[in-house]
Amino acid sequence: MLTYDRLVHYAAQNNAGKRLCPHPNNSNQSSTYDKCTMAPENHFDCARDGVLSQKECEDRGCCCAPLPDTAGPPWCFYLHLYPGYIMGPLSPTRRGQASTLTRAKPSYLPKDISTLHLEVIEDSAEKQHSLHLKRPVKDPSYPWYEVQLPGEPHSGAHGKTDSQDTFYHTEFHPDPFGFIVWRKSNGRVM
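Residues in the sequence shown are numbered from 1 upward in steps of one, following full-length UniProt numbering.
These are calculated hints, taken from the structure and not from any lab test.
Possibly wrong hints are sitting among the right ones.
With a straight-line cut-off of 25 Å between C-alpha atoms, the simulated DSS-like cross-links for lysine-lysine are [stated by the list, open to error]: (1) Lys-111 to Lys-55; (2) Lys-138 to Lys-105; (3) Lys-111 to Lys-138; (4) Lys-55 to Lys-35; (5) Lys-35 to Lys-105; (6) Lys-55 to Lys-105.
Required output: the full structure, derived from the provided sequences and hints.
Written out as structure tokens, the structure reads:
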């Protein structure tokens with residue numbers, strides 16, 4: 001695994017004249033460095049909309065760590081505890097379960113949505129020829145049109161599925177929001 005010092009040294013040699021991220025030994029940067037210390041394979045891109053300078057990256061509240069290969073992990077990436085959505089409790093509905101996702105702090109993206117509605121609809125193998133796992137996340141402030149797929153019942157016709165009839169298990173992480181879907185047969189993540 002590459003260390004921060006080796007990455008900065010390599011980037012400095014190959015990007016002469018460009019301003020690089022501050023060294024973590026700077027006393028003002030130590031707390032940010034601690035929050036940004038993670039393996040490169042865990043970097044989640046904070047600059048999907050284009051190439052950012054160090055200042056632009058840091059203005060978004062993200063970590064800046066230049067990497068030796070542009071085809072590798074992003075060098076402007078979210079802190080491992082970047083504030084995202086928080087999931088409320090799941091409540092039973094006619095179609096499955098529902099929850100509200102809230103964001104306490106806006107992100108850098110324009111037209112940020114502070115509240116989302118999560119609907120969990122799990123179809124059993126008996127209802128479909130193949131496994132369907134639906135997790136629509138919607139902005140409840142605006143009407144949403146969903147395209148009706150062939151062989152899919154209307155949203156009002158959906159009934160609840162007994163979780164024992166499904167081939168998977170879903171695990172939710174409320175803060176920050178995330179979920180993992182596991183196959184029951186072999187425990188693999190889908």
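For each hint, the structure was consulted:
1. At roughly 22 Å between alpha-carbon atoms, Lys-111 and Lys-55 fall within 25 Å of each other, so this suggested pair holds.
2. Taken as a hint, the Lys-138 and Lys-105 pair is honoured in the structure, with Cα atoms around 18 Å apart against an allowance of 25 Å.
3. Proximity of Lys-111 to Lys-138 is assessed by CA-CA distance (about 14 Å); at most 25 Å being required, the pair is judged to hold.
4. A hinted pair counts as satisfied when its Cα atoms are at most 25 Å apart, and Lys-55 with Lys-35 qualifies at roughly 18 Å.
5. For the suggested pair Lys-35 and Lys-105, the alpha carbons sit about 18 Å apart, so the restraint of at most 25 Å is met.
6. For the hint linking Lys-55 to Lys-105, the alpha-carbon distance of about 20 Å falls within 25 Å, and the restraint holds.
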